[in-house]
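Each residue of the sequence shown is one higher than the last, beginning at 1 in the UniProt record's numbering.
Treat the hints with care, since some could be wrong.
[Stated by the list, open to error] Simulated pairs of lysine-lysine, DSS-like, Cα-Cα distance not exceeding 27 Å:
(1) 40 - 154
(2) 36 - 110
(3) 48 - 154
(4) 48 - 90
(5) 110 - 40
(6) 48 - 36
Honestly, the hints are just simulated from the structure, not real lab data.
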Amino acid sequence: MAEEPANEAAPATMMDDMAGGMMGLPPLLLGTYTPKIDAKGRMALPAKMRSQLGNGLVMARGQERCIYLLPVMEFRRIAMQIQRTSMSDKAAREYLRVFLSGASDQTPDKQGRVLVPQMLRDYADLGDDIVVIGVGTRAEIWNRTTWEEYLADKEQNYADIADDVLPEVGF
């Protein structure tokens with residue numbers, strides 16, 4: 001009689017399985033969340049993102065005045081890729097300086113909260129009303145009004161750019 005395989009705990013969702021441990025793939029952060037920043041400058045990480053981000057994460061200046069929220073390993077991968085660029089490349093040096101000087105290591109507390117440093121809150125013009133969006137291997141923190149304006153502007157072209165951005169996917 002064949003022995004039954006050990007009963008392993010199933011992931012909470014298919015996305016949890018796809019994102020976290022499946023063959024060492026990077027996280028797949030998805031969705032839109034609206035946490036608040038408290039009086040101490042902390043925000044609660046969206047529960048669905050916590051396990052994928054792990055115990056440590058890095059916040060850094062993002063494009064379009066948002067804040068990037070990256071798992072430590074993804075941040076290290078990006079930083080190493082930029083550093084491999086020739087030191088004679090002025091644009092790469094400038095980008096690396098701005099990107100790394102604005103980065104902050106964070107460890108969530110027991111309630112899943114992380115401090116959003118004042119310098120980054122100022123950069124992204126964050127008050128207490130924010131939006132956190134999943135963008136694949138990173139999340140982004142936006143001023144809610146700025147995000148709503150950005151989304152309204154970009155949704156007009158969403159269908160038009162799909163053919164250029166995703167030619168092989170076949171949407």
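Now the hints, each set against the structure:
1. The straight-line distance between the Cα atoms of residue 40 and residue 154 is roughly 33 Å, outside the 27 Å bound, and the hint therefore fails.
2. A hinted pair counts as satisfied when its Cα atoms are at most 27 Å apart, and residue 36 with residue 110 qualifies at roughly 17 Å.
3. Pair hint residue 48 plus residue 154 holds up; C-alpha atoms about 26 Å apart against a cutoff of 27 Å.
4. Of the pairs offered as hints, the one joining residue 48 and residue 90 is violated, with about 39 Å between alpha carbons and a cut-off of 27 Å exceeded.
5. At roughly 16 Å between alpha-carbon atoms, residue 110 and residue 40 fall within 27 Å of each other, so this suggested pair holds.
6. Taken as a hint, the residue 48 and residue 36 pair is honoured in the structure, with Cα atoms around 16 Å apart against an allowance of 27 Å.
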